[in-house]
Amino acid sequence: MRKFRSTFHSLLFVAALAITSFHSNVPVRAQVSLPPEAQTMTSTLAATGNLPLIVTFRVAGYRVEAMTESEQSEQAQRNAIAQAQSNLLSRMAPFGVTNVKTFPYVPQMAFTVSSVEALQALYADPSVIAIQEDMATPPALTDSVPLVRADDVQSLFYTGQSMTVAILDTGVDKTHPDLSGKVVSEACYSTTNAAQGSASLCLGGAASSTAVNSGLNCAATTSSCDHGTHVAGIVAGVAPSATLMAIQVFSRITDNPPTNTPCATNGRTSPCTLTFVSDQIAALNRVFALRASFNIASVNMSLGGGSNQGICDTDSRKATVDLLRGVGIATVASAGNSSFTNAMGAPACISTVVSVGATTKSNQVAGYSNLSVMTTLLAPGSNINSTVLFDSYGSKDGTSMAAPHVAGAFAALKQARPNATVQDISSALASTGLLVTDTRTGGLWSKRRMDAYLALCALISCDADDFRYLFPPQTLTGNISSSNDRDHYFIFTTAGARITLQMKRTSGALDPYLELFDPSGVRVALNNNGGGDKDALINDYTAQKTGRYQVIARNADGLTMGAYQLIASQQAIAVSPVPSITSLTPSAATGSQTASDFWVLLRGVNFTPQSQALWNGQLRTSLFESSTRLWMRVRGSDLGTPWPRNVNVQVRNPYPGGGSNFRTFNITFPILGESELVQPAAGSVVPIGVKTTFVISWTHPTDSWRTMQNMDLRLRDQDNNVAAQIRVVERPGTASVYRLLNGADGLQPDEGLPGENKDLTITDTVTLHLADSQFFGSGRTATMTPTVTFGPNAAGVYNIEFRVDGPDGEVQDDDVLGQITIAPPACPLPVTGVTMSGPETGIVQTDYTFTAALAPSNATLPITYTWSPEPKSGQGTASAVYNFANAGEHIVFLGAENCGSFAADLRTVKIRTTDAPDLAISKHAPAIALAGEPITYTLTITNRGATTASSLNVFDMLPPGATWVSGGALAGNVVQWQISSLEGYGATAQTTFVVNANATITNTSYSVSASGGWSATGGPPVVTRIVDAKASVTSVNAAALSAPDLSVNLPEGSVADASEIALDLLSGPSYSLPSDAQYAGRAFRLDAYQSNARVSDFKLGEPFTIALSYSDADVAGKNENLLTLYRWASGQWTTSGIACTPNPAGNSVTCSIEAPLGEFALATRQTKAHLPVVIR
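Just so you know, the numbering used here puts 753 at position 753 of the sequence shown, and the rest follows in order with no gaps.
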């Protein structure tokens, strides 16, 4: 349905979800008087309680013509609009706006407000240009989908993706634009019986057909031949991503008065269409036969007749209905249109059928609808606009229109909860929604009218932590409160932007699992244990589309529950890789006894928020900026004697990352003397637009200050750029002059005398006021006092550097005197320092509070506080609570930022389990290996107590089937090590040994003991599976596996996270093949591993190919042209998602696979002849 679909597409973006209180920190604007033109809006608000609006807002640099100038300019405009929309939504968040619609190409958006205060806030918002009421015009389409809130379900991307609905009806016009591509299977079952005036509508008049086009609609000249197409359009409206199985079950009936008038008896004009029960049973059997080929959620039967006040389980259709129900397929049937108030037609009256009555748009039981105590639920059935023949649309009434609403809902809800049974979904639908009482004469019953959204919430536990927007960088907390709970989040982003999502368990037994869906509802990334331990991580995903992405946070196993943190950022997270430093800025400083603290920028790779910066092995405060930039604070005392010397700078990541390479920071000898910043004090704030005088003194170690040729003051920013360089040039016999050098290269100098009425200027950056500047010397000391005013381009944080050169070309160029912040007028008090307070030691599973104290204490708001690692609570505030789950030395980092200025601090906390030694031992080995390949076992011994353990003995029993190669001391079948001592508070020691094997090995026995009787034994067995082939594949690299008679090619981009694919050759299929399949000698298994753990039902993001060869003996007596691969899934063999091309001449077959990995078997598929069903 084209019109129907366009409605759904607009509603899909609406989401009908309130943007709730997680933006409560945004201040509410003061109330303003509304202009006269707003009076109509306030009247609407008073009358209805809500007001839909269209808001136009300012976007800096927006130009309409830029949308067509180039692809880059268009994207820049769209990005700016998206950001402005996000900003306005953030400011309006306290008012709970709903029904948000964002427009990508114009600076407008639409949403609904529910209070005068919200309207006032919009009129007071300086970015808003115009506000207009979003008026409703007379509808040309049905409103049944929003009435049953299927659009709300679709907004969560539960659209029936990968699900199929079977439609038993008059056939489907699959060429209709709104149904094109949706029909994936067709069949026809129809009856020819001259005595009854019945003629088959199948191709060629056959009694049955499964050929292409067999499910097409019957000829339009026959009454109701558009019925099935209308029903199909309703299903597609409720579940737009579901596919359809079109089964034509009607026959053409011609009345033969006066004795044989079935059309007239049923209120139809002859000829008409009617359906025989036998054809329906045949069709239901066809659905059951295809249960492994498609994920069939439901069967729709908008047909039936009769009057049954109770159940009719003697009906011949029940047996097949029950077969379908047993494999998770619901049969949905219309209640009938005879106006019965206490009866239904068949098959609706079957107890295992989901029966559906009809309501009007005003939520009344429709006058024509049957209803009984057995009716499952109600759905809209009156004036339903949907697809009809000839690419058109039409309106129909009846319970026939109500049933497909429910059948489509089954597809959407089954997608949301794949393990839900028919009873689960039926109960969710029947127990939620509006309760409608039959007020017709004789009406007896009240039933629920379908509400797809409430039914969804009954299945997946919609709760307070659902349906929130994420604005990276941001951290939200949530809770998986039941085994079926799924929490939904949304991120609005643009194509090319990066998304990183971490789901960290904070309590309970939760095994976190993350899924990311693009704006079209396609799942583009998923992760189970990529974040360390059981935490989930979708790392550095690049958005391919602009729009609203959905995140689903849930449990991985369908069982566990607990609390978690969801952390969204636009920075890649290196999960404890090995860091590397490429450069330091600055990389040297002159030795000084009077230096102040300053920051050094470390450039490199694989930095993480948990990275530690080390100065000659000593921890220093650091501030994480990105994976390639890390700041380290050097103390002024670090530049003290001895001089000269080199300092090793290193970055250390948590295990298993380890330490980086060393970079040398040079502390040079002050050969030309010592310099000192006298004024302003290091760490000061210098405001833009206000005169500031710098006082720098320099003292030669032995000679007169007049040996100096040049003295330079430089201000160097975080990116190694020099914003201003002020030089004093000593000219013997004449007055010294000031020069303002335009940049670090010293080109284009402008100069003048101290005290001269002249300004030297770098536009918008700095002005040197010569009239207020002095230079003087006495003995060995010279002093420069340049007075400057900084412009708007100078805002930022700067290291103050000093340079001096002597008469013989000597240069002292590395003096770092401290740091200043140049503050814009809007930020008069930038952050210059932060000090963290908190405990130094503690016990596991105990809350500890850490608090930040700023300098200045009244720094300009807002302040961004960033705690690392993520705290239990308090992220973004000045006080954070940590609860450490494991013993060890934990480093708490804190960064505080405002208006481009930053400061940081760190604190080391030692956590223990007990006061006495508390040993633990764990073991790691690769999950898969090739036969004969070296396999390294790593044992990690931890002392979690406070007291040092001594005289440790480590034992590991060699696994059966393994051959020892190296490591430790082998005594019999036991490998041993001795460790003299192991400190407490989580200190660790590691031992390793290497083995090889030709078959899968399991290591189960390993232990450690220490003096005093302290000991620990290993936990779960460590299994290394020996496979026939393996290969690593990443998001940017392809991979291939090969084995005798078999090769697998995996394309680049087929995985989001680095994965290892394993191949096992099998002697035969592990399960019996279907009766119509003949085994052809090749069986194998493919598995995926991520983070050294197998991922079940892993599906690659791109199709991959498998090429097999076989012998003549393998296919003896078989038709090689029918060779295909079968895949074992959900307890049965299937060929879904597999397309094979046999090459009998080459004894080979090539298959393209778009299905999950698993066990495969090569076989021929026999064809079956379908015989007509004879009714007796």
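Because the hints were derived from the structure by calculation, they are not lab data. Just to be clear, a hint being listed does not mean it is correct.
[Said to hold, decoys possible] Calculated cross-link-like contacts (lysine-lysine; reagent style DSBU-like; alpha-carbon spacing at most 30 Å):
#1 Lys-923 with Lys-910
#2 Lys-361 with Lys-396
#3 Lys-318 with Lys-396
#4 Lys-758 with Lys-691
#5 Lys-174 with Lys-396
#6 Lys-545 with Lys-923
#7 Lys-174 with Lys-361
#8 Lys-923 with Lys-872
#9 Lys-910 with Lys-872
[As the list claims (entries may be wrong)] Label-pair ranges, simulated between beta-carbon atoms:
#10 Thr-628 with Val-965: 13 to 23 Å
#11 Asn-50 with Gly-367: 25 to 35 Å
#12 Pro-418 with Thr-628: 32 to 42 Å
#13 Val-965 with Ser-1152: 35 to 45 Å
#14 Gly-932 with Ser-73: 32 to 42 Å
#15 Pro-473 with Ala-1139: 22 to 32 Å
#16 Ala-885 with Ser-180: 26 to 36 Å
#17 Glu-933 with Ala-885: 32 to 42 Å
#18 Gln-474 with Glu-69: 27 to 37 Å
#19 Asp-759 with Gly-779: 49 to 59 Å
Computed from a predicted structure; not experimentally measured. For each residue, glycine too, the CB sits at the ideal point set by N, CA and C.
Quick one: which hint numbers does this structure break? Sort them smallest to largest. Hints 6, 10, 14, 15, 16, 19 contradicted; others consistent.
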